[in-house]
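K.L.:
So the chains spell out like this:
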Amino acid sequence: MTALEVGAVVAETTYALDRGSLVRYAGASGDFNPIHYRDDVAASVGLPGVLAHGMLTMGLAVQPVVAWLESLTEPGRPPGRVTDYQVRFTRPVVVDPEAGAEVVVSAKLAQLDDEAGTGRVDLTVTAAGQTVLGKAQVRVAFA
Amino acid sequence: MARGPTGGAGPGPVAPSAVPPRLVAVPVNPDLQGRVLPPTPPYLVGREKVREFARATGSTSPLSLDPEAARAAGHADVVAPPTFAIVVQEATLAQLLAEPDAGIDFSLVVHGDQRFSYTRPIVAGDELTATLTVTSVKTLGGNAMVTAASDVVDQAGEHVVTATSTLVVRGDS
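Those protein sequence lines, which keep their order, are chains A and B. Going by our numbering, the residue at position 5 of the first sequence is 5; the numbering climbs one at a time, nothing skipped. Going by our numbering, the residue at position 124 of the second sequence is 1124; the numbering climbs one at a time, nothing skipped.
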């Protein structure tokens, strides 16, 4: 396994979302709240626009960590895995009908327990230059 | 979004003696704390559902997308992404909102926090049952915060994941 250093940024990824991304997540998750696909409904409840599902943002934000864990292991061998993942939804991601939205994820190794083979990765997740998830922490078990 | 004043007599059976007077307008029933709801019917995790969910959440993991890769890594079938448990948990949250005496107005609910604590990953073929416990009901600045932990077990009764949500129920503004 590559030497790991606490404080290192282990993954950075930008996800481009459009309205189709939200419809796709609605179908995959079963969350059909119309604020995630209808401008008129979003406006009627005082929202600035159609919002990405908070759970979609949470789901995207952990993928760079999953990919990083897989990159530490040879293909065909069991990679490390996510054992615990928590977030606070601090700000919604507004998805413009034409321009969409970009969700930027940066994952930093915050804790490492060599003996236990575990660690904690902290995520910084922003959209339109503002943080959208707070206290986003991923606990991992290395292979 | 503003609702009319409830005059302290909200839809839920709020006991004035148990709640500070300025918080009476929050209608969530404080007696919910500690309540355990009945287990949900079994949810059979399908391979294509896992792949659909993986693609929808930006996954590129061969373990989630390719059954052969998953088997090579020692799993029976494709492995669900870390947030897939929300699909199973959702049924328990629907149960909670439907509790006749909960006093939770869905139109005022905002998802505040979410956590998944796994004993093992979810794999296609799992038959999962979830049981929700209301772990806390608090009031903060006129809002109610309801935290519910749903324990998800497999067909053998073994723990797979606990999915915990904090729902913020906005008070009348």
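Just so you know, these hints were derived from the structure itself, not from any lab. We put the CB at the ideal spot given by N, CA and C, even for glycine. Accuracy of the hints is not assured; some may be wrong.
Covered stretches of chain A, as calculated for chain B (at least 3 residues, CB under 8 Å) [what the hints assert, rightly or not]:
id, region
1, 16-30
2, 49-57
3, 60-71
4, 118-131
K.L.:
Going through the numbered hints above, which ones does this structure break? Give me the numbers in ascending order.
P.N.:
4
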